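A.B. asks: One-letter residues, chain by chain:
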Amino acid sequence: MLLSVEGLTIEAGGRRPILREVSLSVGRGEIVGLVGESGSGKSTIARSVLRLLPAGARVSGRVAVEGEDVLTMGQGALRDLRASKVSMVYQDPRSSLNPVRRIGDFLTERMVRTLGRPKAEARTRALELLDAVGMRDPGARLRQYPHELSGGMLQRVVIAAALAADPALLLADEATSALDVTTQAETLALLRRVQAERELGMLFITHDLHLAAAFCDRVHVLYAGTVVESRPAKELFADPRHPYTAGLLACTPELGDPRPIRPIPGRPPSLDDAFTGCPFAPRCPEATAACEEEPPRPVAVSGGTAACRLVEA
Amino acid sequence: MVRKLAGLVATLLATSFVIFAASYAAPGDPVTFLAGGKENLTPEYLAAIRAQYHLDDPFLVQYGRWLGDAVTGDLGRSTQYHDQVSDLMAARLPSTLALVAYASVLFVVFGIALGVLAAVRGGRTDSAVVAGTTFATSVPAFVTATVLISLFGVQLGWFPVMGGGSLWHLTLPAVTLALGALAIISRVTRQSMIEQRELDHVSVARAGGLSERLIVVRHVFRGALGPIVTMCGLVTAGMLAGTVTVETAFGLNGIGSLLVNAINTHDFPVTQAVLLLMVAAYIAVTTAVELLHPLIDPRVRSRA
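These protein sequence lines map, in sequence, to chains H and Z.
Under the UniProt record's numbering, the first residue of the first sequence is numbered 1, with each subsequent residue one higher.
Under the UniProt record's numbering, the first residue of the second sequence is numbered 1, with each subsequent residue one higher.
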């Protein structure tokens with residue numbers, strides 16, 4: 001397995017852990033979706049793959065990339081992992097780039113400063129990459145500053161930089177959420193293309209379940225730091241088993257769908273909300289008194305698992 | 001650019017007016033000082049002096065005459081030394097400029113180094129730097145001067161205690177002057193670096209495997225440079241007008257001591273010229289900093 005996360009639990013001072021017993025895996029050439037509301041811990045999972053953990057966090061479990069445990073490896077191996085094995089694409093391309101350095105600097109920094117390649121070679125590679133992500137006149141782009149490019153162009157630059165060291169795994173953390181709809185579609189197409197061309201494993205994080213279902217092979221739905229349902233994308237979309245997944249699907253309007261929009265009542269739990277039972281129980285339309293008693297275990301459903309007592313029954 | 005230049009000229013003009021008005025309104029009649037000894041205080045002689053110095057003209061006429069002369073480079077003659085004011089200043093300026101330059105190098109190098117140290121190390125180093133620089137700044141210059149003189153000048157004998165002329169002579173005065181600025185610069189550096197460190201692109205760089213040292217140099221410090229350069233410029237500009245105490249304490253013949261002397265002896269042409277020079281120097285330094293900004297931040301460049 002390219003990436004395997006097993007029983008990852010991260011606590012950082014709140015009344016409940018940021019992540020509780022999260023397990024997931026990404027194979028080579030596979031796109032795995034991670035869906036949840038803000039605060040559900042999706043970004044924390046992506047960041048823990050690069051060991052970018054919140055200050056003072058207590059971590060247990062295992063995060064392995066190509067079999068090596070990221071959480072325990074030495075500093076040198078960690079830098080090597082960050083530089084050449086795993087790359088991340090972020091939500092806001094504008095804040096991902098240093099505003100006072102040139103695009104060329106951003107693209108070659110990792111190759112020259114971390115991997116020690118000659119400058120000329122890195123520059124040639126940067127030009128190739130910009131060309132590969134569909135930027136016109138790459139030579140001129142290298143000399144420009146971030147504020148001179150649009151958000152969509154910058155996201156292309158960020159993706160190009162992510163590909164610089166031929167990583168095996170790409171972490172896309174809400175990579176298209178901050179972009180215009182048209183740019184969003186272009187960026188998604190680009191991500192899909194580079195992923196297929198290079199057979200990358202991709203962890204695709206989004207709050208949009210419809211998007212995840214359309215874009216990914218498998219989807220994990222996250223709620224309050226736990227995986228509540230993980231299924232192949234198509235099955236999840238057609239037949240959600242966890243009430244939260246069903247709720248997420250029901251609260252996005254669709255053209256030609258006469259049903260009223262039904263938002264999930266209540267608000268997503270914060271780190272100060274602790275639970276004895278199922279974390280979703282307070283907002284769940286089907287919850288019974290028994291749901292509040294103990295946390296539900298994931299049970300096998302068609303194609304994957306769902307953590308809900310009602311599925312068991 | 002034209003607007004900026006016009007602004008500078010307007011500022012200089014306004015300050016020149018304030019300076020002239022202030023010395024006009026200052027207590028004491030200049031005639032009594034111009035007359036020299038008591039035996040000269042006859043009405044006829046005073047009237048002659050008034051006529052010679054145009055002291056009976058209306059205020060605005062006097063200002064206009066002074067300004068017109070100043071623009072052509074004629075700052076008048078000192079009433080005390082009877083030399084050309086410009087010659088007096090030319091003689092005093094080098095030692096003040098050298099002193100300020102020396103002090104600036106010291107506070108820029110040490111202030112930024114301490115600020116970076118505090119921001120990067122944090123914890124106890126941070127507290128020690130903040131406490132140390134605050135202490136150094138809160139001690140008045142004349143006390144620092146006295147302590148430095150008695151320790152390094154008298155007891156250890158490493159540095160001369162009086163006079164100027166060499167870097168050696170200027171070291172203790174420059175240290176005294178720089179200590180006062182250390183806290184501001186180190187604090188601004190520290191704060192600016194801490195703000196920059198929290199930015200997303202810094203963690204993006206970290207996620208790309210860049211070493212911490214390079215992150216600090218290439219991203220954190222580079223981003224923090226704007227406020228640091230501005231502050232260094234302002235402090236240097238302020239120093240140009242604040243060398244009086246240090247020059248007096250170390251017996252340096254600089255612009256500061258010239259000014260104090262001129263004020264004490266009601267030497268108006270010198271007072272006005274020195275004040276005007278200080279204002280001009282302040283404007284020059286802040287303008288230089290402003291011109292430097294587009295080089296530091298490309299976003300400023302494209303806005304202009």
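Treat each hint with caution, since some may be false.
Ranges of calculated distance between the beta carbons of each label pair, as one might list FRET restraints [said to hold, decoys possible]:
no., chain 1, residue 1, chain 2, residue 2, range
1, H, Thr72, Z, Ala284, 28 to 34 Å
2, H, Arg136, Z, Ala288, 52 to 58 Å
3, H, Ala12, Z, Leu5, 54 to 60 Å
4, H, Glu37, Z, Leu292, 45 to 51 Å
To be clear, the hints were calculated from the coordinates, so they are not data collected in a lab.
Note that this is a predicted model, so its numbers are computed, not measured.
Where is the CB? At the ideal position from N, CA and C, for every residue including glycine.
A.B. asks: Run every hint past the structure and note whether it holds.
C.D. replies: Going through the hints against the structure:
1. H:Thr72 / Z:Ala284: 28 to 34 Å: violated, 58 Å
2. H:Arg136 / Z:Ala288: 52 to 58 Å: violated, 39 Å
3. H:Ala12 / Z:Leu5: 54 to 60 Å: Because 55 Å falls inside the window, the suggested range holds.
4. H:Glu37 / Z:Leu292: 45 to 51 Å: holds, 46 Å
When held up to the earlier numbered hints, the structure conflicts with 1 and 2 and fits the remainder.
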